[in-house]
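These protein sequences, in sequence, are chains A and B.
Heads up, the first sequence is in my numbering, so the first residue is 200 and it goes up one at a time.
Heads up, the second sequence is in my numbering, so the first residue is 200 and it goes up one at a time.
Worth flagging that the hints you see were computed from the coordinates, not collected in a lab.
Take these hints with a grain of salt, some might be off.
When the alpha-carbon atoms are kept at most 30 Å apart in a straight line, the in silico DSBU-like pairs for lysine-lysine are as follows [said to hold, decoys possible]: (1) A/Lys536 with A/Lys275; (2) A/Lys260 with B/Lys539; (3) A/Lys536 with B/Lys260; (4) B/Lys209 with A/Lys260; (5) A/Lys209 with B/Lys260; (6) B/Lys445 with B/Lys308; (7) A/Lys353 with B/Lys308; (8) B/Lys445 with A/Lys445; (9) A/Lys308 with B/Lys353; (10) B/Lys308 with A/Lys308.
Anything over 12 Å on all C-beta distances counts as not near chain A; from chain B, calculated [said to hold, decoys possible]: (11) Lys353; (12) Leu379; (13) Ala440; (14) Met493; (15) Thr498; (16) Arg504; (17) His524.
Keep in mind the model is a prediction, meaning the values are calculated, not measured.
Just so it is clear, CB atoms sit at the ideal spot from N, CA and C, and this is done for glycine as well.
There are 2 protein chains.
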Amino acid sequence: MDERGAPAKKVMRELREASEDDLHFRDGRIFGSMCTDPLPIARRAHAMFLEANLGNPGYYKGTWRLERETLRILSKLLHGRNLGGFTVSGATEGNITALWMARNTTRRKEVVAAKTAHFSVRKAVDLLGMRLVEVPHDDMYRADVDAIGRKVGKDTAAVVAVAGTTELGQVDPIDEIGELCRDRAFLHVDAAFGGFVLPFLDHPDTPPWDFRVAGVSSLVLDAHKMGMATIPASHLLVREASHFRKIAVESPYLTSVYQTSLLGTRNSAGVAAAYAAMRALGRSGYRQIVARCMRNTRTIVRRAREAGIEPVVEPIMNVVAFRVHDVESTQRALDAKGWKVSTSRNPRALRVVVMPHITAKSALAFAHDLVAVSQKG
Amino acid sequence: MDERGAPAKKVMRELREASEDDLHFRDGRIFGSMCTDPLPIARRAHAMFLEANLGNPGYYKGTWRLERETLRILSKLLHGRNLGGFTVSGATEGNITALWMARNTTRRKEVVAAKTAHFSVRKAVDLLGMRLVEVPHDDMYRADVDAIGRKVGKDTAAVVAVAGTTELGQVDPIDEIGELCRDRAFLHVDAAFGGFVLPFLDHPDTPPWDFRVAGVSSLVLDAHKMGMATIPASHLLVREASHFRKIAVESPYLTSVYQTSLLGTRNSAGVAAAYAAMRALGRSGYRQIVARCMRNTRTIVRRAREAGIEPVVEPIMNVVAFRVHDVESTQRALDAKGWKVSTSRNPRALRVVVMPHITAKSALAFAHDLVAVSQKG
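Let the hints inform the model, and build the full structure from the sequences given.
In structure tokens form, the structure reads like this:
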């Protein structure tokens, strides 16, 4: 550290230079992230609550109220009643917390999940000293229910199902998995991405995947993905709030008696941002955003298909993976044209996430370049 | 969720009302938190990097550079060389990550710590399926080195020592503990609070507590406490970066190949805030802030002492606990006068944290009321 501080002007210039080296959603070139430009009112809300720390809730009664209201809104959206829950930093923390609760409640160590589950499940299992029992998926890349049925047993603490897989946006058959899990194991739903998409789709033809399914014990959804809030704003909801007791740690010197969150000091500006986004948009606002993302997704799929590039599965959300001849070189060629896409591993394909920062115009331009670079290959 | 969104004006009014129900550091009444009002330039930096997500580092090269530079600055401040590390959301995440690394590297399960360690150590141990071996402290509330020596054995994964205990701001004899741990167990230093105080004290008479001590494997310090940055900005530094490999999880669909952080999507606005605070203040800036906090702490101790109220130990940092007749009723009486203090459990005492948002005037006014309510009791 330098002896003397640098002038504010100089520091601000350094920050601006750094920001210029970051990519920005507003440029409409990022098809490789599940985050997006937060709603302007969410940004403003975030900046207003920079001090807020629900790790010490007694000092932040206003933020606490916003959090409770947000959870109430989400409980209703997800057909829950008297759910417990709190804001977490992201679905990774939510997945870890849910499995921690399942382990401590059941005193069992096995987690059953399809290989299409997010890698944070693997991380959680290692962290918690649990064992992952991986099951296959069906030909639509959804968890294989029969395989789960064969694996759920006396050592199973929890099953993890996904509503909106990271690679393909697929939804596991959560209603059937719920039947299997009822009274046998925890069922945690990772709806990080799908939680703010599925309720707002025009023609949802997915079977129930939320708290309508009696077997679902907990669910996480990210307001900082399709919820249009700022990072960190994710919500962990649990059917039996009493299960939180199993992971509670006494928290002396704070205004709470126990702490059930993984983190201690917590940025709670995201709480205000999530509240602001949900209040400002309402169901109709989210429906519009989701409809636009789906239109742009369909545009890209149609153009690609015309050129013989097929999606791995027909997308039900705004995530789609394309079978291209050479995934790496296509990704590199698109990168050279300024488009950021990612890849899926299972199957190996070009993965495209069409978030709200993508306009109709950039979706078209992207589709054009996707076709161009694929035909060159 | 309502069908229609609420007008922006209405949402903003609700947010303002919530903010009014929160306490604010700027009012100078909070002596019960280790957080403070961030530096204005840190707030500005935070707001500039709301999108940044180092969970997906390839898109945020500017933020990444700020993080690397911040870690370089801190490595030097803490006398480390070629340290590994990254920004974490807080010392809780830092403590968990360090113990996770220790468990996976040593394949042992015991964590040795004094009962004066932060409760997040207990949380980490439960989460990780480890065992806590609690050792006593000396009469100054520092970890008892001899007791640690007796407990470190073939099952010990790590020892946790503290530079700035939460209750009393005491510093464990880290140099001696380091000697004990060398080549026998990981030694993790929780410098959440002390990390931004000890290097800037006028007359530091604590023995070495950072990477000068050869036995220290890792250290966490919170820029969102005395570092004047925003939440979340905490730094985990490790002597052997290669140990991160033991907790790495493959991270497909992202721009990184492996992820070694506990969290996935990460608010990285705190990275920019920490950078801005350190650059703008420099050593001299932090020295001034620490000097002012220490002056105000001494004012409170002197006034209290004149009235016969003794601190548990002579404070070496801006945390002090007072022996008062009835801790709860004193806390309540101070609360009624608008002062927020917390309590310590070991020993039961009135705990006062004198953060940078406390002015000389509010320190005096607080001391006056502390004396008044104590004499009434």
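Practice item. Compare the structure with the hints numbered earlier in the document and write down the numbers of the violated ones, lowest to highest. Key: When the structure is compared with the hints, only number 1 turns out to be violated.
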